[in-house]
Each structure stands twice: as structure tokens, then as C-alpha cells.
Amino acid sequence: MKIKAAVLRQYGVPMEIEELELAGPRQHEVQVKMLACGFCHSDLSVWQGDIPQDVPMVPGHEACAVVEKVGPGVTGLKPGDRVIGCWMVPCGHCYQCRRGHPNLCDTSKVFFQNGNLLDGTSRLTDKNGKRVGLGSFIAGFATHSVMPDVGAIRVPDHIKLPPEQLCQLGCSVATGWGSIVNVAQAREGNSVGVWGCGGIGLNAIRFASLRNCRPVVAVDLEESKRSIAMEFGATHFIDSSKTDPIPVIKELTGGEGLEFAIEATGDPGAQVQAWYAIRANGMVVAIGIAPLNSVTNIPMFYAPLHAKTIRGTLYGETHPTEDLPSLMEVMNTGLLKTDKLVTKLIRLEDLGKVQEAIAARKVIGRWVIRYD
65 MKIKAAVLRQ YGVPMEIEEL ELAGPRQHEV QVKMLACGFC HSDLSVWQGD IPQDVPMVPG
125 HEACAVVEKV GPGVTGLKPG DRVIGCWMVP CGHCYQCRRG HPNLCDTSKV FFQNGNLLDG
185 TSRLTDKNGK RVGLGSFIAG FATHSVMPDV GAIRVPDHIK LPPEQLCQLG CSVATGWGSI
245 VNVAQAREGN SVGVWGCGGI GLNAIRFASL RNCRPVVAVD LEESKRSIAM EFGATHFIDS
305 SKTDPIPVIK ELTGGEGLEF AIEATGDPGA QVQAWYAIRA NGMVVAIGIA PLNSVTNIPM
365 FYAPLHAKTI RGTLYGETHP TEDLPSLMEV MNTGLLKTDK LVTKLIRLED LGKVQEAIAA
425 RKVIGRWVIR YD
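First residue of the sequence shown? That's 65 in my numbering, and the numbers climb one at a time after it.
No lab work stands behind these hints, which were simulated from the structure alone.
Quantities reported herein were computed from a predicted structural model and do not represent experimental measurements.
Glycine included, C-beta positions come from ideal geometry on N, C-alpha and C.
Errors might be hidden in some of the hints.
As the list claims (entries may be wrong) - The list that follows gives simulated cross-link-like pairs (lysine-lysine, DSS-like), each with its CA atoms no further than 30 Å apart:
#1 K66 x K133
#2 K194 x K133
#3 K306 x K173
#4 K408 x K68
#5 K417 x K66
#6 K68 x K142
#7 K306 x K97
#8 K173 x K133
Unchecked claim - Quick list of simulated restraints, FRET-style, between CB atoms:
#9 E420 x S291: 21 to 29 Å
#10 V130 x I410: 13 to 21 Å
#11 P368 x N192: 51 to 59 Å
#12 P136 x T307: 52 to 60 Å
#13 K194 x S288: 41 to 49 Å
#14 T185 x Q74: 21 to 29 Å
#15 Q91 x A371: 44 to 52 Å
Construct all of the structure, not just a fragment, from the sequences and the given hints.
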């Protein structure tokens, strides 16, 4: 079938909306019509080439869609079902999957980069018959796509939230939740700092607040993020473009520093700040993906002497098939404030404007593509 999609053909060059041919679903795959797709900072990193992926390909990894067709062997999904797409799809057989880390699936990592599905092929071709990759198993910047059934998490009928909220489960909500609950395992009274008040950072703030962590310190280069950070549960906000956050955090924590620093920007300077901001036996949870060849200068003298830890995490150690259904139920209560997280709805044709706004740090909350 003919579809429209934003195609990344060259890093750093504006994506054009093209007409592509989408082949139907194969074994254990579903064909979907996109309802909404969020624009994550990592989408900007992919476009810039900081997260290498083979081109040409259709990006977009934070999506809510409706099933149109199911391929052979699919059970539990039918046409008309709403689904959340997962951008790391477990094969169930590799070293990491067998050891309970589906977010680190060895098979998925290969296909995540080259834009293939689990059988090693794409479903997209351009007007010249040339292959186009399905980014992150989802290709959310397309009107329609095909994804593995194991990566399509069904939304129960009783959940009536709009797709622009539901799509946040696919990345920002799950990763923010996982960084606090799975990785930091933060509890009531723990001190938490969050560097970067974008979609993932705001969700980390929200879950830290819901766990009664105190203080919850939001750090961002933009003063414009203060209001939404406080609304999501930050007890303090530091504009790090004007104020060194380290002495402020030390004062807020009685001179000790934070127990947990969630670094959601990938910026080397923020990573260093987070390291100095934690106390002895503290942990930096590194979520933000730095450019491929960037180097962060962190003095390791304090790692053994103060038992400090830097812990990287992908997808917040989320097990999508298990965790997303329960997170949907929490979202449905309104506790997560996803209605406040989505601050602007855009069309697929306006994608370039989002890229410019994110690069200029002008986006507050999440901007979401809403498909008609």
C-alpha cells in the first residue's frame, strides 16, 4: 500500500515527506495505522548522526497506533486494537534475553541500527524500488507501518486516553519510571536530582515525587522549564546556565550531596555535574545518550574512596510486555500528568519545525505528531 513518511536520507539534512510502498505483515507481525508519535530528543540525535542508524530510514519510536492487519501466527491482537510500539523488541533467545534483560536484546540492537524487523528485512521501499529502513521497529514518522507483534503492546478498551498521551508510554514514561524505580530503586526520603527537564526527565521527576523522595531537584539550562518541572513534582529548580548547581545541591542536602542523580541529557558537562553532585555511596543514573565519540572527563579518584557509582540504563530496564500494561493503568488515573506533558500537537509535515525547536532548547514538555 502507498503511505506517507518522513525519510532520513542524509544526517543533518532536512527530512522530506515521501510516498513509500509498505508491504504487508509477515509471520508474527502486525500492520498498523499511526495515531500519534512523540518527538524525542534522541530523534534529533538520530537525525544529527549522533546515534548512528543506517539510511535511508524512517525514524520515530514513541508511537501509538491501531492495528489494521495481522500476519500469520499472531495471537492476542486483532484489527481495531490500539497498541503502543516498543523500540527494543526482545528476541527471547539471545544472551541478554535469557538473563532477564530484554531491553538489551543482542538481536534487537543489530536491527535497531539497520532498520530491519526480526526476520532481517524491511517492509518499506521508495518510488525507485529501493529499500527504506523501519526505524526502531516502529517508523513512527509514517502514516502506516509494520511492527513485530511482541513489540506491539495492546491498550485495553477501558483506557480512553487520547493517543498523544498513550504514545508517551513507549519511551518517556517508561524510561523515566524505570530510571527511578528499576535502576535507582529510590524510596521515600531519598534525595534525587534530575538533569534535563524534557520528556524523560519530567517523568523521572514525577515518579520521584510520587515515591515521596525529598528533595527532588530539577536542573536545566532553560529557565522556561521551571514551571513544568515544579508542576511535575520538583521541590527545587536550578537554572544551570546562571547558577552552579553543585553548591546549591550541597546546601539542600546538608552538605552531603544527592543519593541519586538522573542524567537525562547526554551532555558531558551535565554528566560531570551529576558526578560531583552525588554523595558518598551515591549513584549517577545515565539515561541521556551522548554523541558517539564524545568523552566525559570524570575523576575516578572518588569512585573507590566514596563508593560512587555511574550506572547506564537503556529504556530504564523496562520489560515492555510486563511493565507497560501496569503503567497504562497508572496513567489512566491521571497521576502521571501526561495531559500536561503534551504541550503541542503538530502535523507530520511540520517535523522540521520540531527539530529546530528542540535543537534550540525551545520545546517545553513533549510535542507530538497527531495523525488524522
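Quick rundown of the hints versus the structure:
1. Of the pairs offered as hints, the one joining K66 and K133 holds, with about 15 Å between alpha carbons and a cut-off of 30 Å not exceeded.
2. Proposed proximity of K194 and K133 is supported: the alpha carbons are some 24 Å apart, at most 30 Å.
3. Annotation: proposed proximity of K306 to K173 is violated, straight-line Cα distance about 39 Å (limit 30 Å).
4. With a CA separation close to 22 Å, the supplied pair K408 and K68 stays within the 30 Å bound.
5. For the given pair, K417 sits about 25 Å from K66 by alpha-carbon distance, which is consistent with the 30 Å threshold.
6. Between K68 and K142 the alpha-carbon distance is near 24 Å, which keeps this suggested pair within the 30 Å criterion.
7. Proximity of K306 to K97 is assessed by CA-CA distance (about 45 Å); at most 30 Å being required, the pair is judged violated.
8. At most 30 Å may separate the alpha-carbon atoms for a hinted pair to count; K173 and K133 meet this at roughly 26 Å.
9. For E420 and S291, the hinted distance range of 21 to 29 Å is satisfied, since their beta carbons lie about 22 Å from each other.
10. Distance hint check for V130 and I410: the Cβ-Cβ separation is about 20 Å, which falls inside the suggested range of 13 to 21 Å.
11. In this structure, P368 and N192 meet the distance hint of 51 to 59 Å, their C-beta atoms being roughly 58 Å apart.
12. Under the hint 52 to 60 Å, the C-beta atoms of P136 and T307, about 59 Å apart, fit the expected range.
13. At roughly 42 Å, the beta-carbon separation of K194 and S288 lies within the given 41 to 49 Å, and the hint holds.
14. Between T185 and Q74 the beta carbon distance is about 23 Å. The supplied range of 21 to 29 Å therefore holds.
15. For the hinted restraint 44 to 52 Å between Q91 and A371, the CB-CB distance of approximately 49 Å keeps it satisfied.
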